[in-house]
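There are 2 protein chains.
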Amino acid sequence: MSKNLTKRSEDYSKWYNELVAKADLAENSGVRGCMVIKPYGYAIWEKMQAALDTMFKETGHENAYFPLFIPKSYFSKEASHVDGFAKECAVVTHYRLKNAEDGSGVVVDPEAKLEEELIVRPTSETIIWDTYRKWIQSYRDLPLLINQWANVVRWEMRTRLFLRTAEFLWQEGHTAHATENEAIAEAKQMMEVYATFAEQHMAVPVIKGLKTESERFAGALETYCIEAMMQDGKALQAGTSHFLGQNFAKAFDVTYASKEGKQQHVWATSWGVSTRLMGALIMTHSDDNGLVLPPKLAPIQVVIVPIYKGIEQLDAIAEKVAPLVKELRAAGISVKFDQRDTHKPGFKFNEYELKGVPVRLAIGQRDLENDTYEVARRDTLTKETVAAAGVVDHIKQLLEAIQENLYTKALSYRDTHITEVDSYEAFKEVLEQKGGFVSAHWDGTIETEAKIKEETKASIRCIPIDAKETVGSCVYSGKPSTKRVLFAKAY
Amino acid sequence: MSKNLTKRSEDYSKWYNELVAKADLAENSGVRGCMVIKPYGYAIWEKMQAALDTMFKETGHENAYFPLFIPKSYFSKEASHVDGFAKECAVVTHYRLKNAEDGSGVVVDPEAKLEEELIVRPTSETIIWDTYRKWIQSYRDLPLLINQWANVVRWEMRTRLFLRTAEFLWQEGHTAHATENEAIAEAKQMMEVYATFAEQHMAVPVIKGLKTESERFAGALETYCIEAMMQDGKALQAGTSHFLGQNFAKAFDVTYASKEGKQQHVWATSWGVSTRLMGALIMTHSDDNGLVLPPKLAPIQVVIVPIYKGIEQLDAIAEKVAPLVKELRAAGISVKFDQRDTHKPGFKFNEYELKGVPVRLAIGQRDLENDTYEVARRDTLTKETVAAAGVVDHIKQLLEAIQENLYTKALSYRDTHITEVDSYEAFKEVLEQKGGFVSAHWDGTIETEAKIKEETKASIRCIPIDAKETVGSCVYSGKPSTKRVLFAKAY
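Residue numbers (our numbering), protein chains in the order written: chain V, 3 to 493; chain A, 3 to 493.
Each hint should be verified, as a subset may be incorrect.
Identical copies carry no separate label here, and so any pair may be met within one copy or between two of them.
[Unchecked claim] With a straight-line cut-off of 30 Å between C-alpha atoms, the simulated DSS-like cross-links for lysine-lysine are: (1) K436 - K190; (2) K100 - K89; (3) K322 - K485; (4) K328 - K430; (5) K190 - K398; (6) K79 - K115; (7) K136 - K491.
Please keep in mind that the hints were generated in silico from the structure rather than gathered at the bench.
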């Protein structure tokens with residue numbers, strides 16, 4: 003298999019698009035903006051889902067399912083929310099087709115017009131809070147900690163596989179609390195859960211922070227986020243967790259009786275990550291040879307490729323490999339022995355490199371004689387010969403080492419690409435020359451933020467949670483500032 | 003908690019609706035025909051999904067994801083399919099809302115009309131086969147064995163929670179094969195997988211069979227099905243697996259080059275089960291006290307209720323129970339220790355009975371003194387006192403015994419409600435008086451089938467796979483027949 007992958011240094015964007023296609027992750031469909039997630043890409047998403055779902059359940063959340071459609075009027079109940087979401091959306095207006103009178107096919111039946119249009123959910127706050135009104139009466143019903151795995155639709159004009167698609171898959175948590183502090187703690191907790199998942203499973207380092215007012219979720223009082231840096235220095239928002247205050251409780255009249263019998267509006271959060279994480283995963287680790295996957299999310303962790311002439315050699319290799327495959331599986335390691343006779347070893351090596359399989363074993367006649375395997379790791383592209391006797395332990399350690407190395411490498415890249423600047427000249431220069439995140443003082447106004455974005459295309463990615471209080475002046479306006487925020491061009 | 007559940011003998015339909023609501027399984031939403039699946043109901047569905055997904059993967063299938071929307075023209079490509087599905091469906095005609103000029107809220111933006119309407123998928127054959135055209139070139143690409151977990155929408159006029167809803171959750175398998183025989187074998191295999199799942203996990207006995215022409219899936223050459231009998235004697239189609247011939251391959255021009263280099267159309271199957279299985283599960287086992295769940299699908303398999311006066315007794319019980327909970331969890335048994343102080347034991351007993359928890363342990367002061375537990379089983383409502391030392395083994399055996407007993411009980415009910423008849427008089431009498439399935443000779447014509455359905459409301463549920471060849475004459479027309487088929491009123 004020849005890869006013919008554009009180099010990242012030549013055209014990063016083209017490299018990404020080609021990689022997504024060639025590694026069999028996803029493709030565009032016949033429906034504008036909607037993607038097909040192919041089996042190999044979906045297998046990675048399933049691993050993400052499984053890890054996240056476990057973390058959500060460990061923090062006390064339960065899954066449920068709410069309708070795909072939301073009546074148009076629900077959106078109008080929360081003022082900022084309707085502006086943020088109800089505008090670019092898929093609208094269901096009819097519920098029937100009929101045969102065209104001229105025999106040309108099927109057409110919309112004008113008799114079957116809905117009284118009220120239905121919006122295909124772009125996010126589910128409104129339908130869920132309409133439901134919570136029935137579920138919440140007393141403080142005993144709180145906290146209500148619910149998550150939903152679902153598809154959502156936002157009518158994006160410019161789409162890109164995984165990064166921005168009209169339909170995407172995600173999870174959305176929606177929780178209700180008796181007090182403001184509890185809801186804030188929940189929103190923060192879920193940001194932490196996302197950060198842990200990104201760093202420990204995806205091997206993607208993230209910066210935890212707060213969004214500025216203009217970047218906040220429509221309807222939120224505060225948006226917590228995790229921001230990752232891609233290999234081209236651009237930022238990718240990898241997950242958000244919103245403190246919604248009492249906005250939705252008031253819009254949908256959700257109150258509870260406190261222990262003292264007083265009726266009060268409840269406090270809310272919502273939080274989500276999506277198939278966008280696939281884009282972050284791909285762009286953080288992969289190289290000019292193809293995908294590089296962290297072992298914890300790799301559908302195939304180890305592939306074994308036989309190198310043989312004739313069926314007898316293949317049989318001898320297969321016999322040797324069988325107990326190894328068994329032992330690896332027993333250790334919870336996913337392994338594939340690729341004995342396809344239709345493809346040569348070189349083709350297979352290329353294919354698994356392209357698909358980012360972390361560890362490749364090769365075994366030929368000489369290995370049989372010497373009782374060894376050739377072990378190659380995808381992240382460093384290095385090879386070594388390992389005695390068969392110790393190969394299982396070797397692989398276990400190698401998988402851990404690869405997971406660790408990917409994180410460390412990404413962290414080092416990220417940290418060397420965060421640059422503190424103290425003038426607007428330096429700001430623009432760093433952004434254009436070096437790229438990455440620019441750490442700068444900002445006067446806290448929407449106006450300055452908007453002007454900088456207009457002039458440089460860099461937005462404020464976040465106000466880091468752990469930002470130190472330092473006296474300084476805004477790089478744009480010169481007005482006083484107490485902490486640095488992170489600017490970057492973003493996906 | 004007082005149950006106030008209508009008795010099955012009084013009004014089976016009302017009993018079902020009340021049970022679904024009171025056991026916190028699902029409820030109607032503000033969107034006509036769309037349900038909210040509540041956390042407890044969704045937890046059961048998740049267990050079904052996990053078991054089925056494992057079985058699909060064991061039989062070589064991979065998951066993928068295809069678009070929610072299908073362009074209208076795709077439906078017209080397969081003639082019978084468009085009649086079966088494209089008529090009652092949700093149609094997306096616009097992609098934007100805007101503020102109404104009179105300030106009354108948001109309205110559909112007439113400028114944002116789609117050139118071609120999009121149908122919210124009622125089933126995905128058309129969009130998937132449009133994709134398969136790109137994926138299949140050579141015999142090396144076959145078989146293609148793919149499954150999708152998704153939501154689908156069919157605009158049903160009369161809806162009922164789980165049994166018939168506008169939006170429902172399901173899985174749909176779509177496979178492509180080089181030969182007719184291989185595709186037929188796949189369709190049969192998936193019917194067997196569904197039967198195994200229904201019987202071994204849901205404890206629901208099913209009859210495997212073929213649908214008659216008029217009950218077949220729109221676009222299929224043959225539909226294999228599993229049919230279950232509910233406690234009111236009505237049939238419920240629990241899963242279907244379709245041999246689609248080359249219909250979709252021809253409609254979407256999907257061909258492959260054989261080993262000999264000849265271009266041929268591929269052969270197809272599709273197969274699905276849905277949240278309708280929740281209805282089957284509820285109606286097969288539950289009783290006038292509430293839900294009865296087979297242990298393999300119960301979100302909580304064992305609940306422990308402390309019976310105490312004052313905090314000291316509760317503490318003593320909690321201390322006693324802690325290692326038991328740990329030991330049960332280590333054995334893979336899901337257990338809940340309900341030490342809520344806000345509810346009395348009697349309330350809790352009722353609640354867990356209503357929710358169908360298979361095994362309930364109670365422990366009070368006397369049990370503490372005697373080192374025992376009171377163990378109650380939900381299926382038989384019997385109780386016994388068990389020594390603490392042997393309680394884990396006792397529970398393990400009990401869970402297996404309950405799983406087995408539910409199946410045996412349902413099987414016995416089903417088998418005593420299949421009645422062979424040889425005249426139309428007897429046919430009608432059995433249907434009206436005894437109910438259940440009627441096994442009768444049928445002349446094989448659509449006309450007879452339609453007349454019987456019109457006159458009795460009974461449809462042919464299936465031609466059982468294992469139906470013996472017997473000489474007979476059709477109960478309706480008197481014409482010759484070689485095997486009996488099963489008639490019943492159905493959900």
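Verification of the hints:
Within a single copy, K436 and K190 get their C-alpha atoms no closer than 32 Å, and across copies no closer than 60 Å, so neither meets the 30 Å cut-off. Proximity of K100 to K89 under the C-alpha cut-off of 30 Å is found in both arrangements, the shortest distances being 29 Å within a copy and 6 Å between copies. Taking identical chains as interchangeable, the C-alpha atoms of K322 and K485 are never at most 30 Å apart, the minima being 62 Å within one chain and 54 Å between chains. Proximity of K328 and K430 under a CA criterion of 30 Å is satisfied in neither setting, with 57 Å inside one chain copy and 59 Å between copies.
Taking CA atoms no more than 30 Å apart as the test, K190 paired with K398 passes in neither setting, with 34 Å inside one copy and 40 Å between copies. Taking identical chains as interchangeable, the C-alpha atoms of K79 and K115 lie at most 30 Å apart whether they share a chain (23 Å) or sit on different chains (25 Å). Proximity of K136 to K491 under the C-alpha cut-off of 30 Å is found in neither arrangement, the shortest distances being 43 Å within a copy and 35 Å between copies.
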